[in-house]
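J.: Below are the chains, spelled out letter by letter.
2 protein chains.
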Amino acid sequence: MSEHATSTDVLVIGGGMAGLAGALALRENGANVTLVERAPEFGEVGAGLQMAPNASRVLKRWGLLEKALEIGVQPKHLVFRDAVTGEELTRQTLNGEFEERYGAPYVVIHRSDLHRVLLEGCEAAGVKLVNDVTVESVETVGGRGVAHTLAGVDFEADVVIGADGLRSTLRPLVADDEPVSSAYVAYRGTVPITEKTPKADLEDVIVYLGPDCHLVQYPLRKGELLNTVAVFKSPSFERGEEQYGGVDELEAAYKDCVPAVQEALKNLATGIRWPMYDRDPIENWVAGRMVLMGDAAHPMLQYLAQGACQALEDAAALQDATVGTVFTGEGIKPEAWDVALREFNDVRAGRTARVQRTARVWGESWHVSGLARTLRNLLFKSRKDNNFQYNDWLYGQDGDGVPSVTAKRVAEKAAA
Amino acid sequence: MSEHATSTDVLVIGGGMAGLAGALALRENGANVTLVERAPEFGEVGAGLQMAPNASRVLKRWGLLEKALEIGVQPKHLVFRDAVTGEELTRQTLNGEFEERYGAPYVVIHRSDLHRVLLEGCEAAGVKLVNDVTVESVETVGGRGVAHTLAGVDFEADVVIGADGLRSTLRPLVADDEPVSSAYVAYRGTVPITEKTPKADLEDVIVYLGPDCHLVQYPLRKGELLNTVAVFKSPSFERGEEQYGGVDELEAAYKDCVPAVQEALKNLATGIRWPMYDRDPIENWVAGRMVLMGDAAHPMLQYLAQGACQALEDAAALQDATVGTVFTGEGIKPEAWDVALREFNDVRAGRTARVQRTARVWGESWHVSGLARTLRNLLFKSRKDNNFQYNDWLYGQDGDGVPSVTAKRVAEKAAA
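Line by line, the protein sequences give chains D and W. Note that full-length UniProt numbering has the first sequence beginning at 1, numbered continuously upward. Note that full-length UniProt numbering has the second sequence beginning at 1, numbered continuously upward.
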C-alpha cells in the first residue's frame, strides 16, 4: 500500500516462543517470513519450562530436538506430593513406556534456552528478524494484511500472524475481552545445584500441592541449576488491592507446608512477582488476513505446563494447513490463505479451549483443602504409574490427542 | 436393695436391636437376664436395614442367620450412582469373593423382621422380657446396679446394660453431651414391588449421590417390597427453624436429579420425617456397674449403614469379654464384672469412634458439589469391583478389622 512498505509473504508479530515457532513453520513451507518484535533485543524472561511430548514432537519435526536435549534435562519422573504432609500422591515415570507411547521425550529446559533454539532455527532457515518494531494496528486491504507501526513504516504481507501474547494488541480485532486474573501469584527462581542442595528428587519434576498454594521444582541445564516456582493465592488480591501478592504473602502462604517446601522458598527471586492470568476461550482467531496464535489466541493458566507447548502445536498445525494449499509445488497461492486460516482455526480452537478449561480445573484441584483435599489425595493415590488415562488426550498423537489437519483431511476425503 | 426389688444377674434397659442383642449374648453365656422396655409392646419402627458381614457373622454365631435369610434379601451388588447424571460410579459385588472374604453374607432386611428374629432368639433362650417399664435412674450400690423406675419398683442386678438409644437416659452417668444434628432429614418408605415397578437394579442396593442429598433403594422381604430412603439437607434447619425438613423441602432437594430418583420419591411415607443425629465419640461408657452399648454409647450417622451392625458387634464383644471371666465353668463370678466391663469398653470404644467419625466424612463425600464432586466421581470410578481396600477395616474379621477380645487376650498372653 504505502510506497515505503516492506512486503513479504508472511509477517509475524511477536518474537516469543509462539512467533518464532510460527515463523519457522511457515518458512519450512517455503514462505518468505518477516518477524517483528517490539523489544530492542530477542530474548525470554522467566525460568524453566516443561516441554511435554506433544511439544517435543514438534521440535523433532523441525530437527531442533537434539539441540534442546543438549541443554535441557529429561526428568526421570513427574511426582505429586501433598505439601502439608510431604506424602507422595502419584508419580509418572517419564522415560520408557511414557516416551514410547507419546513418541518423544519429556524435557525441562530454561525458557531462554528454548527461545534461543527456536531463534537460531529461524535464523538458519532464513526468517527475517527485525527488532524495535511496535505494531499499532493491522488491517486487511485488497486481500493483504497491512501492519501500521509506531515508527510510521508499514509492513504488508499475504497473512499477518498475531503472536503478541497475553496482552495482545491484535486480539481486539477478533474479541472484546480482557485477561482474567486468577488471584494467584508466582515467584520463580533458578539457583546452582551444589553439594549443599538437598538431594531428594533432584532428577524429577516435583509438584507439592497445598491449600491455596503449590510449589514446583526441577533441574535445568544438565542438572546444574535447580528451578523453583511457587504459586499462591493472594489475600490482598481478594481484598481488591492493586499491588497484590507481595513477599510477605509468599511466606504466609506456605506456613503449614513441610520443611522441604519452606526451604525451597529461599531459592526464589523475589524481585519479580508474576500474577497469573488467562482468558476465556474464543472460537474465532481470524480477521481478514490476520490470525492469532499462541497466548494471543489462547492464554492459559500454567497448571498443565502447556503454554509454550500449545504454541508449538499451533505452529505445526499452521504448517500442515498451508502445505499443499498455500505453498504448493507450483509456487505460492495467496488466495488459498483464507481457507487455510479457517482450517487452522477450526482444528486448533476446540483443542486449546479444552486445554485452557482443563488447566483451570486442574489448578483448582491442586489447591483444595478439607474434604476435597482428602478426595483429591485418595484419587491421586489410586492412580498407578503408567496409567495414561489422564494423559492421552493431552500428549497423545491420534484419536482424542492432538487434532491434526492431515487426519482431518484424510477423514474428509474418506467421507467425500 | 429395696425389699420389693426384682433381682437378676443382668438387667438390660431398652428393647431395641442393641438391648436384645446384648441380652441374648449374656444369656448365651449363662446369665439370668431381665430386659425392660419402656414401650407397651416390643417392636421396631422404620423400614429396611443393611446388615453387613460384620453383623451377619454375629447372627451366625447365635444360630440366627438362617432365620434372617429366610425373610431378608441378599442383594447382588452395592451400586453407587451420581444422582444428577445417573452415571454409575462404582459397584461391589456382594456374593462370591466378598462373602468368602468376610465369612458371612450381606443381607438387607426389614428392621421389624430383624428385631423379631432377635426377640424370638431372646424368648427361646430364656431372657425375661418386661414391657412398660420406664427406668428413671441407675446407681451402683454395694457392687450391684440398681435401676429406679417410674412405677417405683426397683430392679437390681450385677450389671446394668444401658441400651436406651440416641436419647439415652443413662448416658448422663458418663457424659455431659447432647445429640448433634446433621441438618439432614430422612424420609423412608416401603412399597410392594409390582409389574409396574421400574425393573432397573431391583436386585441391588443402589445409592444415588447428589448435591446435599442422596437416595437409597433396595428390595426387602424376598423381593416383595421395595425400600426407599431419601436423605437431604434442610434449608430451614440452616435458617434455625425448629420444624425443619418438610415435604416441600424434600421435593425441592431432588429437583436436579434424574427421573429414576424423582420417581422414587413417590414411594416415601411422608408422614414421618427422620432428622439425622449422632453424637461425638466418648471414651468411657462405664459408671460403676452400668455400661452403655449400641446407640446409647455411640450413635452414628447412617452413611455406613452400621448403626445396628455396631450394636451386634457390641453384643458379641460383651459375650467374649465375660465368657470365662464372669461366667465360668464353676459358676458366675460377679466380682469379675469390673474388669470385664473395662475390657469391653476398651475394645469397642476406639472402633466405634472410628465408625462414627468415618460415617460423617463418608456422608459428606456423598453430598458434595462442584470440584469436590468431580474428584469424588473420578475417585469412585477409579475403584474396581472387589477392591477391598476401603472395606476391610469395617467388614474384616482380623487385623485392622473388628477388634476381638479373644485376639487381644491371645496377644496379651503371648506378650506375658
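Hints listed in this document are in silico derivations from the structure and should not be mistaken for laboratory results. Do not take every clue at face value.
Once the Cα atoms are required to be at most 30 angstroms apart in a straight line, the calculated DSBU-like pairs of lysine-lysine come out as [as the list claims (entries may be wrong)]:
| # | chain 1 | residue 1 | chain 2 | residue 2 |
| --- | --- | --- | --- | --- |
| 1 | W | 381 | D | 384 |
| 2 | W | 333 | W | 128 |
| 3 | W | 381 | D | 381 |
| 4 | W | 381 | D | 76 |
| 5 | W | 76 | W | 60 |
| 6 | W | 67 | W | 255 |
| 7 | D | 381 | W | 60 |
| 8 | W | 76 | D | 384 |
| 9 | D | 333 | D | 60 |
| 10 | D | 76 | W | 384 |
| 11 | D | 233 | D | 199 |
| 12 | D | 199 | D | 255 |
Residues of chain D clear of chain W, computed beta-carbon distances all greater than 10 angstroms [what the hints assert, rightly or not]:
| # | residue |
| --- | --- |
| 13 | 84 |
| 14 | 126 |
| 15 | 172 |
| 16 | 193 |
| 17 | 195 |
| 18 | 266 |
| 19 | 361 |
| 20 | 365 |
| 21 | 376 |
| 22 | 383 |
Predicted, not measured: the structure shown is a model, and the values here were computed from it. Built from N, CA and C at the ideal position, the CB exists for glycine as well.
J.: Each of the hints needs a verdict: does it hold here or not?
T.: Hints versus structure:
no. : hint          : result
1   : W:381 - D:384 : 14 angstroms, holds
2   : W:333 - W:128 : 21 angstroms, holds
3   : W:381 - D:381 : 13 angstroms, holds
4   : W:381 - D:76  : 29 angstroms, holds
5   : W:76 - W:60   : 20 angstroms, holds
6   : W:67 - W:255  : 40 angstroms, violated
7   : D:381 - W:60  : 37 angstroms, violated
8   : W:76 - D:384  : 29 angstroms, holds
9   : D:333 - D:60  : 28 angstroms, holds
10  : D:76 - W:384  : 29 angstroms, holds
11  : D:233 - D:199 : 29 angstroms, holds
12  : D:199 - D:255 : 22 angstroms, holds
13  : 84            : 17 angstroms, holds
14  : 126           : 49 angstroms, holds
15  : 172           : 33 angstroms, holds
16  : 193           : 35 angstroms, holds
17  : 195           : 41 angstroms, holds
18  : 266           : 32 angstroms, holds
19  : 361           : 7 angstroms, violated
20  : 365           : 6 angstroms, violated
21  : 376           : 5 angstroms, violated
22  : 383           : 7 angstroms, violated
Violated hints, in rising order: 6, 7, 19, 20, 21 and 22; the structure is consistent with all others.
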